[in-house]
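Novice: Protein chains in written order, with our numbering: chain H, 8 to 120; chain Y, 1414 to 1525.
Be aware that one or more of the hints could be misleading.
Under 7 Å between C-beta atoms, here's a sample of chain H residues computed to sit facing chain Y [to be verified]:
hint, residue
1, Asp21
2, Gln49
3, Met50
4, Glu63
5, Phe72
Keep in mind the hints are simulated off the structure, nothing from the lab. Being a predicted model, the structure only gives us computed values, none of them experimental. Even glycine gets a Cβ: it sits at the ideal position worked out from N, Cα and C.
Residue strings, one per chain:
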Amino acid sequence: GPKVLQIPSHQIIDMGQMVTLNCDPVSNHLYFYWYKQILGQQMEFLVNFYNGKVMEKSKLFKDQFSVERPDGSYFTLKIQPTALEDSAVYFCASSPPGPYEQYFGPGTRLTVL
Amino acid sequence: QQKVQQSPESLIVPEGGMASLNCTSSDRNVDYFWWYRQHSGKSPKMLMSIFSNGEKEEGRFTVHLNKASLHTSLHIRDSQPSDSALYLCAASKAGNTGKLIFGLGTTLQVQP
């Protein structure tokens, strides 16, 4: 079936540094999402993105977070600067318009030291 | 309080048995329910979705929805060891954002 790819699978970074998480969504999808999952806690919505713009973001999407998809390339989540509480698995998802299934990538495990 | 509540937290069923998982939204402004399955260390994959009152069946999986109580349930018959996973219920609202609100999940273990 359709696949969403995420790079890297793991990232270890020192607190205060910048990190960029990359997502290669399904090719004909138009909506892109980031979710955050801390071990033992629920998967939480961060942000969604359509037509070059953020459509909705949650309280977890702090000012240090930004997303973009320049020229149809990777959909990226940038955190600058990182904080200890940013340690989590970040899942990217994409979907066509409408109430369609969101396809999730394998996740990037981010560890902030 | 979680807006999407799932029960039980964990469930053990014998191979060949029936697994029943529950999910309720406390947010009345939801329109769609989704069931995702997440094997350990993997990404969530959608199993079934339901938008209208009633029942929907796909193979061994049946999902029910009662929109008045915002309760959905997932039933897996003839459970297999490969069904062992975390089952996530999610709700979303009609409109163009598509944001999914997830519950904490039910961990299902199917014992051979």
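Novice: Work down the list of hints and note, for each, if the structure agrees.
Specialist: Going through the hints against the structure:
{"no.": "1", "hint": "Asp21", "result": "violated (25 Å)"}
{"no.": "2", "hint": "Gln49", "result": "holds (5 Å)"}
{"no.": "3", "hint": "Met50", "result": "holds (4 Å)"}
{"no.": "4", "hint": "Glu63", "result": "holds (4 Å)"}
{"no.": "5", "hint": "Phe72", "result": "violated (16 Å)"}
Against the hints set out earlier in the document, violations occur for numbers 1, 5.
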